[in-house]
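Build out the structure end to end from the sequences listed, making use of the hints.
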Amino acid sequence: TITLDHITRVDASSDFNGIDNVPKRAITMGVSTIMRSKRIVLMAWGQNKADIIKRTIQGDISSEVPATFLQNHANATFVLDQSAASELTRFKTPWLVGECIWTQELKSKAIVWLCQKTKQSILKLTDRDYNNNGMSDLLAQEGSAYDLNINMFNVLQHTITGWPGGKPNTDDSHRPERANPAKKRVILFSPHPDDDVISMGGTFSKLIKQGHDVHVVYQTSGNIAVTDDEALKFAEVAKDFVGDAGSGINFKSVIEFLNHKSENQIDSLEVRKLKGLIRRRESYAATRYIGLKDENTHFLDLPFYETGQVKKNPLGPED
Numbered sequence: 221t222i223t224l225d226h227i228t229r230v231d232a233s234s235d236f237n238g239i240d241n242v243p244k245r246a247i248t249m250g251v252s253t254i255m256r257s258k259r260i261v262l263m264a265w266g267q268n269k270a271d272i273i274k275r276t277i278q279g280d281i282s283s284e285v286p287a288t289f290l291q292n293h294a295n296a297t298f299v300l301d302q303s304a305a306s307e308l309t310r311f312k313t314p315w316l317v318g319e320c321i322w323t324q325e326l327k328s329k330a331i332v333w334l335c336q337k338t339k340q341s342i343l344k345l346t347d348r349d350y351n352n353n354g355m356s357d358l359l360a361q362e363g364s365a366y367d368l369n370i371n372m373f374n375v376l377q378h379t380i381t382g383w384p385g386g387k388p389n390t391d392d393s394h395r396p397e398r399a400n401p402a403k404k405r406v407i408l409f410s411p412h413p414d415d416d417v418i419s420m421g422g423t424f425s426k427l428i429k430q431g432h433d434v435h436v437v438y439q440t441s442g443n444i445a446v447t448d449d450e451a452l453k454f455a456e457v458a459k460d461f462v463g464d465a466g467s468g469i470n471f472k473s474v475i476e477f478l479n480h481k482s483e484n485q486i487d488s489l490e491v492r493k494l495k496g497l498i499r500r501r502e503s504y505a506a507t508r509y510i511g512l513k514d515e516n517t518h519f520l521d522l523p524f525y526e527t528g529q530v531k532k533n534p535l536g537p538e539d
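According to our numbering, the sequence shown is numbered sequentially starting from 221.
Computed spacing ranges between beta-carbons, pair by pair:
| id | residue 1 | residue 2 | range |
| --- | --- | --- | --- |
| 1 | H480 | H378 | 53 to 63 angstroms |
| 2 | N292 | H480 | 46 to 56 angstroms |
| 3 | L520 | R256 | 50 to 60 angstroms |
| 4 | H435 | A246 | 40 to 50 angstroms |
| 5 | I227 | H435 | 34 to 44 angstroms |
| 6 | E397 | L262 | 36 to 46 angstroms |
| 7 | L262 | S488 | 36 to 46 angstroms |
| 8 | I418 | D231 | 12 to 22 angstroms |
| 9 | G422 | Y366 | 25 to 35 angstroms |
| 10 | M420 | I254 | 42 to 52 angstroms |
| 11 | I380 | F236 | 38 to 48 angstroms |
| 12 | I254 | D514 | 50 to 60 angstroms |
| 13 | W265 | M420 | 16 to 26 angstroms |
With a Cα cut of at most 35 angstroms, we get these calculated DSBU-like pairs of lysine-lysine:
| id | residue 1 | residue 2 |
| --- | --- | --- |
| 14 | K472 | K453 |
| 15 | K339 | K312 |
| 16 | K481 | K493 |
| 17 | K344 | K426 |
| 18 | K339 | K387 |
| 19 | K493 | K472 |
| 20 | K531 | K493 |
| 21 | K344 | K312 |
| 22 | K481 | K459 |
| 23 | K403 | K513 |
| 24 | K429 | K513 |
Calculated directly from the structure, the hints in this document are not laboratory data.
Built from N, CA and C at the ideal position, the CB exists for glycine as well.
In structure tokens, the structure reads:
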């Protein structure tokens, strides 16, 4: 057996309904046994695997990362999604390993990277900076560092605005959003309650302050993110305050369920309903803070989500 590190336990926490329920030790196969295999396939998904995949494939062979020993296996295959592979040199900085097709997106990415590496602003980059960092073909394509710097400075500048819904009565030919109509109807789709304010809270707030008709649509209840302790606290307060009558939820049964819930047990329908209501009120608190009217907040509660587990049902007609 081996002791699981913190990252591994965090990765597995969603499958065990919290990190406290994740085992601290696991049964594994020895490195020598693995290396005797005729073929090895390693699979990894998601951004949280990107750093360890980079160490595994490009790092020094070390017992600290046993997967690095696979570098010496004659028939090892890595199956990765784009996020898990994002830190590998051939994907993160492809200009360092060969010639590139310089799309506008790749040029922007490369020049931001070069600025960070050289600790210089775009307009101060020189021919030597480009040539010494694998970007000589880009320089040859564009002519000179001077022309390339000015061009990319303008491209990046035109993606930045303090008016996400468009600035009224201005020339919008170089702005990311059109000026007219001045007031727009905007719908923000938030997969879970809180994704809106976490992922684009500043833009959300600006759109409201600049007078647009903003609506937010929460696609799922997000109930599995609410801890049992939090739900128990709300259930006990509600029962003490109003009892069970007329609430639509039997708080006594909810309290009993949570107090006797076994490890990995799926929440009852009433518990999921309570947890969903907690997330809903948290959403209202956030949207009210930035000035959104309650009637502009919409909850779809899509049925595919309501399994009580991390694994969801397939999308169906009812969704």
